[in-house]
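Once you've looked at the hints, go ahead and assemble the two chains, each given alone in its own frame, into the complex.
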Amino acid sequence: MRQIRQWGPGLLLVAPSLIVLGIFVYGFMGWTANLSFTSARGRNLTGDYVGFDNYRELADERGVTGQRFGIDTQNVLIFTAVFVAGSLIAGLVMALLLDRGVRGESFFRSVFIFPMAISFIAIAIVWRWLLSNGTGTQLTGLNKLFSASGLGFLANDWFKSDSGWAIAAVALPAGWALSGYVMALFLAGIRGVPDDLREAARVDGAREPQVLWHVVRPMLLPVTMSALVILAHISLKTFDLIYAMDLKSLKIDTPALFMWFTTFEGGFYGRGAAIAMLLLAGVAVVIIPYIWYSVRAERRS
Amino acid sequence: MTTRTATGPVRIESRWARPLQVGRYLLLFAFACFFLMPVYVLVVTALKDPVQVSVSRMWELPQSLSLNGFREVWPKLRPGLVNSVLLAVPVSIISSVLGAANGFVLSKWRFPGADIVFPLILFGMFIPYQAILIPMVRTMRDLGMQGGLDGLILVHVIYGLPITTLIFRSYFAGISDELIDAAKVDGAGMLRTLAYVALPIAPPAFAVAMIWQFTSSWNDFLFGVMLTSKENWPVTVALNNIAGGQQVPFHEVMASGLLACLPTLLVYVVLGRFFMRGLMAGALKG
Chain A
1 MRQIRQWGPG
11 LLLVAPSLIV
21 LGIFVYGFMG
31 WTANLSFTSA
41 RGRNLTGDYV
51 GFDNYRELAD
61 ERGVTGQRFG
71 IDTQNVLIFT
81 AVFVAGSLIA
91 GLVMALLLDR
101 GVRGESFFRS
111 VFIFPMAISF
121 IAIAIVWRWL
131 LSNGTGTQLT
141 GLNKLFSASG
151 LGFLANDWFK
161 SDSGWAIAAV
171 ALPAGWALSG
181 YVMALFLAGI
191 RGVPDDLREA
201 ARVDGAREPQ
211 VLWHVVRPML
221 LPVTMSALVI
231 LAHISLKTFD
241 LIYAMDLKSL
251 KIDTPALFMW
261 FTTFEGGFYG
271 RGAAIAMLLL
281 AGVAVVIIPY
291 IWYSVRAERR
301 S
Chain B
302 MTTRTATGPV
312 RIESRWARPL
322 QVGRYLLLFA
332 FACFFLMPVY
342 VLVVTALKDP
352 VQVSVSRMWE
362 LPQSLSLNGF
372 REVWPKLRPG
382 LVNSVLLAVP
392 VSIISSVLGA
402 ANGFVLSKWR
412 FPGADIVFPL
422 ILFGMFIPYQ
432 AILIPMVRTM
442 RDLGMQGGLD
452 GLILVHVIYG
462 LPITTLIFRS
472 YFAGISDELI
482 DAAKVDGAGM
492 LRTLAYVALP
502 IAPPAFAVAM
512 IWQFTSSWND
522 FLFGVMLTSK
532 ENWPVTVALN
542 NIAGGQQVPF
552 HEVMASGLLA
562 CLPTLLVYVV
572 LGRFFMRGLM
582 AGALKG
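Just so you know, the sequences run in chain order A and B. The numbering of the first sequence is the working numbering, which starts it at 1 and goes up by one. The numbering of the second sequence is the working numbering, which starts it at 302 and goes up by one.
Hints are computed from structural coordinates only; laboratory data are not their basis. None of these values were measured; they are calculated from a predicted model. Hints are not guaranteed to be accurate.
[Said to hold, decoys possible] Here are some chain B residues the structure puts well away from chain A; computed CB gaps all over 12 Å:
{"#": "1", "residue": "377"}
{"#": "2", "residue": "387"}
{"#": "3", "residue": "390"}
{"#": "4", "residue": "448"}
{"#": "5", "residue": "451"}
{"#": "6", "residue": "505"}
{"#": "7", "residue": "520"}
{"#": "8", "residue": "523"}
{"#": "9", "residue": "535"}
{"#": "10", "residue": "564"}
[Stated by the list, open to error] When the alpha-carbon atoms are kept at most 30 Å apart in a straight line, the in silico DSS-like pairs for lysine-lysine are as follows:
{"#": "11", "chain 1": "A", "residue 1": "160", "chain 2": "A", "residue 2": "248"}
{"#": "12", "chain 1": "B", "residue 1": "377", "chain 2": "B", "residue 2": "531"}
{"#": "13", "chain 1": "A", "residue 1": "248", "chain 2": "B", "residue 2": "531"}
{"#": "14", "chain 1": "B", "residue 1": "485", "chain 2": "A", "residue 2": "248"}
{"#": "15", "chain 1": "A", "residue 1": "160", "chain 2": "A", "residue 2": "251"}
Backbone N, C-alpha and C fix where the C-beta goes; we use that ideal spot for every residue, glycine too.
For reference, chain B alone in the conformation it holds in the complex (with noise of 0.2 Å):
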């Protein structure tokens, strides 16, 4: 240990080199089936027979495959699916439009107090539901916005708003100075430096926060089931109500849960770069 020749710390690596690689893999391998662990509970029990499906062979494979599960339970998850569709869809688009015009302004056509504007932004996407939600749902019914989907999309955008523009905001200050005042040069005015200066190379930041709002609106509990009624219910509210049911079988709850995280779990997959970076957005790392 004390002794460091020349060869010393290279021989030492060297023998245990190959036991350390080993392990390694084998403790990421078992982080992997920590993971992993709730989605083959879940597709197992989903895909199972329901006279297979039993508490005490949850860990079972199914002796037959059958869909029956997703049968069943298609006609109650479907209003929510579409409602989820209906309502994540457009918060996605009008979130990152706002956010983007707000994050142009705080980076690059900045007024003065931009500075103590923007944390007070920030602080919005931090606090608990809780101390906004009486006024909130007091609000939204007085403006007879309770009860359909405009009010909770309408909510979702508003709270959207920190985030989206901290994306944005990021984003562009990450382009130089020069190409704005080329423009303001050239004479153009604000509308006109976002339309064809900024917009133009923001798609990636459009596709960060359009994934990360509509993971946060497809995945919210909290305002779908304050804000509305039960035709109007969000995909979480439903699964929720049908896992909560009494003597609702095991396969039709998986089933269900499977079929609520599809969306999301796609976006994940195919455009996981950008939802990693709005993760880290999210953390104020820029």
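Next comes chain A alone, as it looks inside the complex (with noise of 0.2 Å):
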């Protein structure tokens, strides 16, 4: 009796977050996992129980929607590839270059960062034009950069290209939006090295290099991989960034953008909570281990 005196006021101040936080995240997980079984059309989401086939569907290459499916997971992956390696490489670059101190670092922190502020959509409207593909006087955006500096070569559609890796395309955007974001992880893990260690192999005649390859790189790990997580989820749910750039375009197609075309646009409700659930398992495969990870490591230190 004592004891519940002691928690149930805590208990009872977090219950109303943890019951609406209990229906709108794993009630409505539910609830579209129990759809994506039915052949639900339109609103009213009641339909007759069709077991795996809105999956099957998905799963079935010889169909419009499998085949469109397919060519989205494909897409998907590619960009999470690009977008991820660019980005922690770019990321990674960026603080070590910020990372013994230059003049002005608190400025080139600003602007590698700002972008985090701004929304994808007003993000895709500058880098869909900055990405055209328009040719003679229609030349514009870094084709005509490239062009006018002698890099011509370097022109192409971007994400109108005619080959399977447009959406590589949209991982620059994308980069652009988020290395900073890796920049700052990165920066914080290196100056969270001691100076203790750096300066004891140096004594020993290791020079800076050998110091970052030897004692600060192991140490980078976690961060690394709290950069990869943060971005592979990211890029699994681009959502409004491929919206606003080009939203019919089959090129830049995502199970993201399908499932709200299949949904809010076909009336597919059953169809649609199917490709939700398998955007949502590909995000859990990815973060629940990182949450699990994460608490542990809270829980020990």
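Printed below as a string of structure tokens:
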């Protein structure tokens, strides 16, 4: 009884939040999961139970739906690979450039990170112009810049390219938006390495690159994992950016957009729910181990 | 390379120090140009006179400055800006207050099972919203909260709970238990301890949580487009609508983009320190 007096009020205070989150996160996910096993069409969300039919249809590359989902899956994997690798490398390079103190560090830092404060809609509006594939009198954006500086061979069709890699071009605005964030994570990680350790290595005759490789690098593994997980889950979820760049283009279609069109434009609520569940599964595979690891690391310390 | 005399490394470093330093600044400068390039295009185009705006001359500076673009789009964008203010201000305040209460309990007034509840809360901030979108829209419709801003505020507050709870939990975890225990010994209950011991030292956490929620509700598109009718569109939806229209001149599109970004950019410039802390918290790095 005295025990409950102790913690009772606390539980009471968080109870409303817990209940609401329970409904809006877990209840709704369960509802979506349920819906994905039905043939529901239209907003009233009623339909017959069809088992795994919706999932089977998405997997069946002979049908139109399956074909599109196949392309979407491939697209989002390409996008994730290019965007995550690009942002990690750019972020690490920027952090290393800033690490040992440069003049105007706070200026550079601010410039690298400010895109985090801007909506993907605004980012898409500028970048879809920068990545225009116009030629002749319509030549503009990066292609124009390339041709003006004698790098014309770099010009390409970007996200309107006919190749299966068109979506890789979207990694450019996405990386523009997030690599500064990665830089900040790495910079915090690098500066978290005790100075004594670095100094000790220097005294032992190690030069700067060796100090970085043998002393700093092993300690950056946790930061790299965080950045990797954050970027990967963002890339799977990316919606606004692609929507505002070219919303009806199959070249840069992803499951996140396909779910939206299937459900809210096509009215195939059951199938849309199935796509949503697959997307959730993809994110959960990355995120759950990460949360588990973070919580455990906190408990140990 | 292999000879490591006492003076060797020092000599090598001094010979390469200067070119290395120059290269470092050149690279930093190149990165800065890359990040500022879209801003340049945005500002330069928005300030151009309509007759000077042409696709092929996007990189050229305006010959004369003109606020025409802003004047043209202002009536179209103003309702969106107003709506976003009416959205983001209550969202940031309500979310932070709830986050403060949750964070306090989960760090300093724990109940059995708090360790299981917290990761479950955290998961809510990483989910793809597609997985809850269909039931959420349906529920808001049933509650009669689709179309207006009230429903959008509610939804942002709810899905903002994980991050604000995390921010305050990390913050309060940093204050010593002795402070809390002293209050308990003095006979203070939970609410008293929260109000007189925890909250007075929490303004930095409030800044972090409020900025985070302000920025994310201002920049949200998906919830806004699903839950509001045209007269209540937040600025992102209005902006997308202007930019997606046929025959909208570039200087107007860029002027709208600039106007839509200004509030969050201003917050970033003035309160960047707190913004950064929010970003770090978002990566579960306390």
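Verification of the hints:
no.	hint	in the structure
1	377	14 Å, holds
2	387	17 Å, holds
3	390	17 Å, holds
4	448	14 Å, holds
5	451	15 Å, holds
6	505	17 Å, holds
7	520	4 Å, violated
8	523	6 Å, violated
9	535	10 Å, violated
10	564	9 Å, violated
11	160(A) / 248(A)	12 Å, holds
12	377(B) / 531(B)	12 Å, holds
13	248(A) / 531(B)	22 Å, holds
14	485(B) / 248(A)	61 Å, violated
15	160(A) / 251(A)	7 Å, holds
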